[in-house]
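J.: Next come the chains, spelled out residue by residue.
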Amino acid sequence: MSISAELAHESPPLSAERYAALIEGLRAIVSTAALLTTAEAMKPFECDGLSAIKRMPAVVVLPETIEQVQAVLKLCHRLAIPVVARGAGTGLSGGALPSIDGVLLSLAKFKSILHIDATNRTARVQPGVRNLAISEAAAPYGLYYAPDPSSQIACTIGGNVAENSGGVHCLKYGLTVHNVLEVTFITIEGEIITIGGAALDSAGFDLLAVMSGSEGMLGIMVEILVRLLPVPETAKVVMAAFDSLENAGQAVANIIAAGIIPAGLEMMDNNAIRAAEAFVHAGYPVDATAILLCELDGTAEEVTELLGEVEAVLQRSGATGLWIAKNDEERIRFWAGRKAAFPAVGRLSPDYYCMDGTIPRRQLASVLQQIDAMSKKYQLEVANVFHAGDGNLHPLILFDANKPGELDRAEEFGMSILTLCVAVGGSVTGEHGIGVEKLKPMCAQFAADELEHFFALKAAFDPAGLLNPGKAVPTLQRCAEFGAMHVHHNHLPHPDLPRF
Amino acid sequence: MTSLEQDLTPALTATVVEAFANATPLMIQGSGSKAFYGRATHGQPLDLAGHSGILEYEPAELVLTARAGTPLKHIEHILAQAGQMLPFEPPHFGDPQSTGGTLGGAVAAGLSGPARPWQGAVRDAVLGVTVLSGEGKVLHFGGKVMKNVAGYDVSRLMVGALGTLGVLLEVSIRVLPIARVQQTQIIPMSASQALAHLAEWNRSPLPINGASFHDDALHIRLAGAHSAVHKAALRIGGDTQEPTAATHYWQALRDHHLPFFQAKTGNLWRVALPLTAPIAALPLARQLIDWGGQQRWLWLDNLSDAAKIRPQAQAAGGHATLFCAATGNSMAPFSPLPAPLLALQQRVKASLDPKGLFNRGRLYPEL
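Protein chains in written order, with the numbering used here: chain A, 1 to 500; chain B, 1 to 367.
Think of the hints as simulated: they come from the structure by calculation, not from any bench. Please read these numbers as outputs of a predicted model, since none were measured by experiment. Relax, there's no trap hidden among the hints.
When the alpha-carbon atoms are kept at most 20 Å apart in a straight line, the in silico EDC-like pairs for lysine to aspartate or glutamate are as follows:
hint, chain 1, residue 1, chain 2, residue 2
1, B, K231, A, E233
2, B, K231, A, E301
3, A, K376, A, D400
4, B, K355, A, E450
Looking at chain B on its own, in the form it has when it is part of the complex (with noise of 0.2 Å):
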């Protein structure tokens, strides 16, 4: 567990600094489970996986922090160990054998798994940071408390930034108690049925904190008191899902690695609406629709239906995502954004990395 345990804060700043003073690009890298995200970038590669190690963490405090190269999987098995886990189950792509996804790549990509909607997004959970400004200064900002009003939220802003903000050297993390009970019922329906069904339940207290459709079955997951689940399990009804069998299935969808996710034909697009937008361009037959019914993933082969997407799904209060681009796809992966806010995006950006070196070009060719 050694290697597990490294600070490499002096080498990183040196680089840092280095690349400041000759404006040289940096390209950051953790383990590159998520490489395939965001535009091509260039650079000098700035390697953060070995920066590592969990720097603090009490059960009753509900708060991590560990060093931004921390893999995903040593965090949640810590956590596991006393009945808690990252709220917002990030995804851990490519090989399940591999040592995986890193925290500091959790935080930059910003993508939350199957719980989202009812536990919370990356960013909802992260409470501080430690970064390496564009200028190679070691800055703190936010804190180790859940209620922190000091200062702006710069924490925050790191989440889903791809790294072009600054370079994550440790992050503070609020956590959550895994329930107690957690109970899947699969439902066999309609897509229609299933939006409809989803829409009604969002409005009930009920213990919900997982609800995907696809392949002609709404799967449901509750989690909480015995009580509240087993109740909530009668109300919705279907059958449930064998205990383990469930927990690879949230997995499995979580990671990518239901067959939906294995057919990679053509490009993978993640589309984010309100729960009830009917989308006319997205048929209901090739989506895979997740967040109770908040994100839609599907496969589109033809540029014609991708040219459609984006406006469609403005249309509708959302926005589409080209999250995995076939060989040869030049389309922007991310939604492009209105001329004043890219243009305050791009002033943001130069506050913090005023030379540009991050991962320049990763989110936005501007940015």
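Chain A with its partners taken away, still in its complex shape (with noise of 0.2 Å):
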């Protein structure tokens, strides 16, 4: 059964007197302006990123302040009637999709940076800040937020600590949650916690890892405390090629192995390279079976000790060609291509699925050769693009919706996919999430006894189950359904968003 099919069995709408009652709170607590009842202006709201799976909320407010927040919860809290939050809409896993009997809570509002402190390197933010923001505000003081998503000219912060967002550089500088110090936020009954702080590890449970990643199910962030870093004096990257999959996984263990770890490292298989050398000419070789991208950075001098090494590392590793960007142009020019794979894979087939899966990296050859072997079985064509760093994967397989069974025959290859990355010792997902896309291989990944622990502890937070339900978590009974990122003629939502 699709996703759809499935959730078309969710709650049915409010009643008229359950409606009317939630619309008579809600104008109590904000204007006119910030309630959005009509088809015609929820409608932008009906979907997030994943926009395959597309739901009506009963109504959408947009609240901006911390005390309409918590007056929105409150209410909701004493009707009963679940509050889905959401930022810039830019998730790829549905976590931001809209319950039919509910209150879809948007945080564009809370827009403002609070406070950049340039000596103790940190930036007070309201949640509706995009990412990029954060890091064009720190810049007068030579300082950056380190994650970045490949959305991060549009998505919020706020979602970001959501989904607990990665980006081409977390091998060096770590997830969101690595750069987070504090978050406040509001609980369904409308308190207001905050966890983390200013200053280093506060004592009691580490409730901000908790929350980083919680997809909106444990309470509505309102303000959040990152970490900055100081800009790195220079980066530049190296391009390797090889005629076999195994040399290039093995480049990758051999670069670790020697001590240097990359701010980027990038590998493509050929489908993706010839996808993305045909989209942007990059300069990528496209008789090669797979190629590398190695990002360095640091001062300048630091950058070409480490680069003489990588370039020995990866001429041991048997690369069949080497090219290292002469200039800024030429580095943003080999990241164009890495940086388009997504679109140009879209080219090639009128449907493509992307998945998200992560493995250790010493299984990549192994996972790569499988996924290949699926192809042919599934008679579906895969173009294959890697964080390697990281063990990252993100297949795209490519069918056409149009063709009776593809779509089945695609979402059975891409279960596949994430089930050989958990029997590989991986997950399900690497920096998507789960939303309503990956409920079913949940399953996969954890027994029952743990997802009821995950039920206790959101239970811990919301007892009602009002926040966000029926994402993330999936439920005993029902752990059977498939998804994963629909494209339609390459029509991404938000489609001038950068995907890698």
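From the two separate chains plus the hints, produce the assembled complex.
T.: As structure tokens, then:
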């Protein structure tokens, strides 16, 4: 059963009586302009980046003060009405999909950067601040915010914390959870709670870690303190071609074993190389079985020193070609191919599924070979792009939804890949989150006892289960659906955003 | 080395299952090297020290998985052979000749050494755990890969919980290469000058991974590529410490073997602060500054000073821990939590340990 079909069986809309009570309550809290009730006005909120799945909320509310958020949550708690929080709606797993019988709570108006503390290297921001806007505000101080999801131009920090977003540079600089110091959130009861702090390692349980990646199911974040880093003096990138996946995989291991942690370490297979080259002419070797892009950053002397070592390691690992970007322009061109890989693959096929799993790096060649075998079995092409440094694989499965049976085969293929990721010791999601998309593969990763403990933890924050119900953790009865990021005719939601 | 390879999971599980049935409180013990830390707890001892052994370690993966009772010394030795280290430099308290702390103890206590502000805390390195729940179920959370956003992050929740949320059986940890060059500069100056320098350097991309001040001298540890360390040393100045002496110095700082920590006059406080925070109640002359200004250690022998320290630390955006109390001092070791946060933490505790069996009251009386 597809996700849409499965979700159609969820809660019915609110009764006229409950709806009237909700609207009356909300009108007493926010202005008319901050309350969207017509189908036309609510249309932009019916889905997030997982656009294949759409659902209208009962109402959309756009509060602008913490007091308003508290009041909305208290009201919903009293009326037992679900609440789904939303930032920019760029998430890829349906985490911000509305509840039919619930409030969609947009944090879009919380977009102030409250304070940049250059000495302590922190930024205090509201949840609706865009990821890139933090780095832009910190730039005059020579600082930046490190996690850089591909949607960073549009996605918000609140969404980043909710999804524990990654990016190309997390091998060296960590995920969102490593870069957030403090979060203030509102409980479903309307209580305001601050966890973490400007000083390191607060006493008590590390609820900050639990809040990171909790997909809006534990509380509504209203203020976030992030750590900033000094902007590295320089960055250089080297590209290496390989004639076998084993050698490319071994080269990644050899770089790490040499004691080098690159700022970014990315791999593409031949299908992805050819697609990207045809699309953006990055200068990729189209006959290579795989290429590696390795970026080093730091002081000029340090980067030069390490670059020499990386070159030697790559050569020793059997690279058939090596190119060092001569200048920033060429560096950006090398990256352009990698960053355009999704739309480039999208040109080859009417539809594609983007999967997101992680594996131990040593399994890379074996996993890619098994994906190749699955490709033959399911008779569907696949292109692989890979955050090789941290084992995060994005296979893009090509199919045509208009051909009978292909959609089902693509879904099965994707599920097989994620099951394989778990089987080799990895995870069903590296950075896109579970949302509604990956509820079924979660069952492959966690046993019933573990899922029950997730529910118990959720209940500690939200006993009535009103915050983002039905997301992230599958009920034991409902490990029964499957889906993935479904892209039709290369039309991504937010088509302006890069995806990599 | 056979004693280092032992799986006690079945016996530990049986004990917890029985304790759950009889509502018997349990006191989880590793090596006992941090027994002084936190509140006193009582219960039937549950000994984890024998549950040891490295289960998985491939240097190129930057991940190590070991049983909770594995001695830190053993893990650090194995890592060093591959040129790697635990990024958070966990302290080894007690007699340097003893086997010392365990991995499980380091994770449960959540204490990090001198590199913490630059290389991350214990929680930043924890990728996955296997735990015994309060009902005696063996549960796996997180994983052995760096990027993993499936399910709530229960692994990191275990860090610093002092065993109150579950019995750690196995832990997967992210490790790091040891920097190819490390160099320590000693620069004589006053405490206020030191804080000013630290504030300035904190904004620059310098390869610092240790910064402490005491006895009128700032110690800066530089770590990274040869060229980067060399250039940074020229910029910050001072005298280069002899390498073996430098290694011993940072270990002694980490393990509280410096003369400052051996003074044992009264109560040892750990105050975490934003780098630049001024603290009137903390006489600079009696402080040891670590973490580039973000962690201050001080001895206070009278209770009236102690009464001031928490409110002042809090007003400055920080918190104060009574790290090691003198005999007879009954002050709470950890900063009190606001009521709604404490209530939430009680519910979190109950979700994993419904009968409150594990290390009852070790962190807070209510947990």
